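Enquirer: Using the sequences plus the hints, can you model the full thing?
Chain order of the listed sequences is A and B. The opening position of the first sequence corresponds to residue 1 in our numbering, with each subsequent residue numbered one higher. The opening position of the second sequence corresponds to residue 1 in our numbering, with each subsequent residue numbered one higher.
Treat the hints with care, since some could be wrong.
It does not matter which identical chain is used: a pair holds within one copy or between any two.
[As the list claims (entries may be wrong)] Think about it this way: if two alpha-carbon atoms lie no more than 27 Å apart in a straight line, the pair counts; the simulated BS3-like pairs of lysine-lysine are:
#1 236 x 324
#2 48 x 302
#3 139 x 6
#4 258 x 302
Hints were generated in silico from the structure; no laboratory data involved. In this text the structure is predicted, and so the values were computed from the model without any measurement.
Protein chains: 2
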Amino acid sequence: MPQLRKDPITSRWVIISTERGKRPLDFPAAPPPPQLGFCPFCPGNEDKTPPEIMAYRKNGNLSDRGWSLRVVPNKFPALQIEGDLDRTGEGIYDRMHGLGAHEVIIESPNHNDVLSAMSEERVEDILWAYRDRILDLKKDDRFQYILIFKNYGEQAGASLAHPHSQLIATPIVPKRAREEVDGAKAYFDYKERCIFCDMIRQELQSELRVIARNDEFVAIAPFASRFPFETWILPKTHEPFFHDAQKHDMVSCARILKEVLGKMDQVLVSPPYNYLIHSLPLQETEMDHYHWHIEIMPTLVKVAGFEWGTGFYINPVLPEDAAKYLREARL
Amino acid sequence: MPQLRKDPITSRWVIISTERGKRPLDFPAAPPPPQLGFCPFCPGNEDKTPPEIMAYRKNGNLSDRGWSLRVVPNKFPALQIEGDLDRTGEGIYDRMHGLGAHEVIIESPNHNDVLSAMSEERVEDILWAYRDRILDLKKDDRFQYILIFKNYGEQAGASLAHPHSQLIATPIVPKRAREEVDGAKAYFDYKERCIFCDMIRQELQSELRVIARNDEFVAIAPFASRFPFETWILPKTHEPFFHDAQKHDMVSCARILKEVLGKMDQVLVSPPYNYLIHSLPLQETEMDHYHWHIEIMPTLVKVAGFEWGTGFYINPVLPEDAAKYLREARL
Numbered sequence: 001m002p003q004l005r006k007d008p009i010t011s012r013w014v015i016i017s018t019e020r021g022k023r024p025l026d027f028p029a030a031p032p033p034p035q036l037g038f039c040p041f042c043p044g045n046e047d048k049t050p051p052e053i054m055a056y057r058k059n060g061n062l063s064d065r066g067w068s069l070r071v072v073p074n075k076f077p078a079l080q081i082e083g084d085l086d087r088t089g090e091g092i093y094d095r096m097h098g099l100g101a102h103e104v105i106i107e108s109p110n111h112n113d114v115l116s117a118m119s120e121e122r123v124e125d126i127l128w129a130y131r132d133r134i135l136d137l138k139k140d141d142r143f144q145y146i147l148i149f150k151n152y153g154e155q156a157g158a159s160l161a162h163p164h165s166q167l168i169a170t171p172i173v174p175k176r177a178r179e180e181v182d183g184a185k186a187y188f189d190y191k192e193r194c195i196f197c198d199m200i201r202q203e204l205q206s207e208l209r210v211i212a213r214n215d216e217f218v219a220i221a222p223f224a225s226r227f228p229f230e231t232w233i234l235p236k237t238h239e240p241f242f243h244d245a246q247k248h249d250m251v252s253c254a255r256i257l258k259e260v261l262g263k264m265d266q267v268l269v270s271p272p273y274n275y276l277i278h279s280l281p282l283q284e285t286e287m288d289h290y291h292w293h294i295e296i297m298p299t300l301v302k303v304a305g306f307e308w309g310t311g312f313y314i315n316p317v318l319p320e321d322a323a324k325y326l327r328e329a330r331l
Numbered sequence: 001m002p003q004l005r006k007d008p009i010t011s012r013w014v015i016i017s018t019e020r021g022k023r024p025l026d027f028p029a030a031p032p033p034p035q036l037g038f039c040p041f042c043p044g045n046e047d048k049t050p051p052e053i054m055a056y057r058k059n060g061n062l063s064d065r066g067w068s069l070r071v072v073p074n075k076f077p078a079l080q081i082e083g084d085l086d087r088t089g090e091g092i093y094d095r096m097h098g099l100g101a102h103e104v105i106i107e108s109p110n111h112n113d114v115l116s117a118m119s120e121e122r123v124e125d126i127l128w129a130y131r132d133r134i135l136d137l138k139k140d141d142r143f144q145y146i147l148i149f150k151n152y153g154e155q156a157g158a159s160l161a162h163p164h165s166q167l168i169a170t171p172i173v174p175k176r177a178r179e180e181v182d183g184a185k186a187y188f189d190y191k192e193r194c195i196f197c198d199m200i201r202q203e204l205q206s207e208l209r210v211i212a213r214n215d216e217f218v219a220i221a222p223f224a225s226r227f228p229f230e231t232w233i234l235p236k237t238h239e240p241f242f243h244d245a246q247k248h249d250m251v252s253c254a255r256i257l258k259e260v261l262g263k264m265d266q267v268l269v270s271p272p273y274n275y276l277i278h279s280l281p282l283q284e285t286e287m288d289h290y291h292w293h294i295e296i297m298p299t300l301v302k303v304a305g306f307e308w309g310t311g312f313y314i315n316p317v318l319p320e321d322a323a324k325y326l327r328e329a330r331l
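Expert: Here is the structure:
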């Protein structure tokens with residue numbers, strides 16, 4: 001019998017339907033990344049991107065090429081940094097300027113690097129770069145929200161193969177982010193406890209959906225996973241903002257992120273995926289109800305009319321089974 | 001400069017970013033449908049589907065094969081018709097049985113038929129079949145919502161090429177459907193007018209985003225289109241339920257649906273698409289605020305991490321431009 005499961009934070013119901021009995025290798029393999037002759041993110045092509053916003057370079061190395069990580073504006077930005085919002089109406093409609101920031105974090109000078117195979121120190125550097133950019137952009141009070149995300153693989157929406165993540169800063173809090181924060185707030189108002197903290201406590205106790213853990217973080221298959229092998233990484237102690245993470249948090253976060261992506265690569269044969277960092281909207285002042293986390297979604301199934309129309313996902317893999325496969329993968 | 005536009009019904013903001021200057025033929029062509037040796041929906045294979053729920057057959061033709069349209073249960077149903085909800089908890093989580101109906105409407109006996117090239121009468125028959133199934137299923141008071149949808153083309157999630165649509169009846173009102181109804185209700189509470197009626201009035205007056213129209217229906221590119229060439233078909237007069245459409249409505253609806261899909265086929269070279277019929281939840285008693293409609297979304301861009309994480313879509317085509325291309329296409 002299929003099950004309906006409710007995400008306790010957003011109240012989104014998900015259909016867990018294992019009728020087709022999908023196992024990890026039943027999902028189609030990802031096509032190999034397209035080989036382009038020219039890559040604008042490779043060393044030597046620094047002048048082919050818009051001017052660099054920041055970079056990590058070895059001590060004293062001032063040359064263009066000696067970088068280990070670079071951040072540049074997106075060449076085709078979805079939002080633009082200049083100007084103001086200029087809200088206007090058109091009859092019953094509302095619009096404003098597409099103000100914001102859209103940046104690319106080039107994670108490595110090596111075109112063929114993959115995050116799961118980088119050293120922990122290099123993954124940590126990527127997390128520091130995310131944090132550096134957030135700390136810089138949050139000074140601009142036109143921005144209400146910053147989303148860090150990574151599209152890996154063409155099926156997951158990556159248009160370039162060179163390892164990179166993206167950042168978008170928006171002048172409004174996006175609807176889904178608002179929903180999540182509001183859902184957590186409703187729980188807090190009722191229970192006076194953080195729902196994420198409660199969830200972590202229950203997951204660590206039952207262990208059914210735990211994929212990996214270390215001193216500071218836990219990775220779980222969420223109870224109401226929308227997608228097969230969806231995985232969330234959460235700090236074990238309450239922290240609303242990603243950018244307030246301390247040094248030891250970053251070390252542990254890099255370790256578990258690399259570990260989880262490595263497990264996915266093993267069990268699902270290097271699937272395309274998206275990950276997103278969910279953090280409290282920048283200008284929120286209440287801190288007790290929200291808990292930052294990373295959501296990782298391998299791109300294994302096509303989302304079609306039903307999901308678009310209803311927000312009601314059909315997941316063919318039981319989250320407990322997904323967790324077991326990933327937990328038992330030995331790296 | 002990119003624009004942010006707000007959908008007045010759901011309050012969803014969309015980024016209209018035409019930086020990359022996409023024109024219709026810039027989108028990758030749909031791959032040809034996979035040719036399977038065996039099709040369970042073709043005449044002669046009636047015993048390969050679960051038992052028929054209903055069919056349209058020519059007068060007096062009682063043979064299995066003489067059907068023009070057939071409805072069968074989905075062989076791998078996301079939801080199942082037997083049992084009750086049996087809501088239970090698991091610590092902080094909630095679940096219930098995956099109760100519901102999941103049916104397939106086989107639109108034609110001809111494997112290679114496409115909806116845009118069928119006669120208006122045959123498209124009308126498909127709409128009647130949708131209505132017949134809704135009227136039957138709505139007698140079952142375990143169901144709160146019925147969604148009719150079509151995935152056309154592999155990229156849009158269709159796993160079989162034979163022309164078909166699907167129906168899912170659910171024991172709860174899906175979140176996105178609820179949001180839309182609540183958004184329309186909020187407008188009604190403030191204005192004492194239906195927001196869809198107001199939108200139709202404004203669109204017919206400005207004509208900027210009108211794609212097609214006839215006596216009973218209008219097709220528009222919505223102001224805050226999430227996807228390039230997204231198109232909504234709405235009855236011009238207020239009607240909350242699709243299944244309350246009259247004979248002359250069905251005739252006009254079939255005509256405009258065929259017309260719009262034909263225009264898309266011409267401008268976008270037979271793109272994959274999803275369409276969905278949005279109708280008031282079955283058990284609602286207030287009727288003044290909601291207006292049924294069809295949403296058609298060609299599958300031209302990949303939805304990636306940003307959209308999943310934020311519900312904040314990036315559309316590379318100005319809705320006014322999309323409407324102009326489609327409006328000017330001559331069939």
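Enquirer: State for each hint whether it applies.
Expert: Taking the hints in turn, this is what the structure says about them:
1. 236 x 324: within (20 Å within a copy, 53 Å between copies)
2. 48 x 302: Close across copies (25 Å), not inside one copy (34 Å); limit 27 Å.
3. 139 x 6: Classified as between; 26 Å across copies, 37 Å inside a copy.
4. 258 x 302: both (26 Å within a copy, 26 Å between copies)
When the structure is compared with the earlier hints, no violation turns up for any of them.
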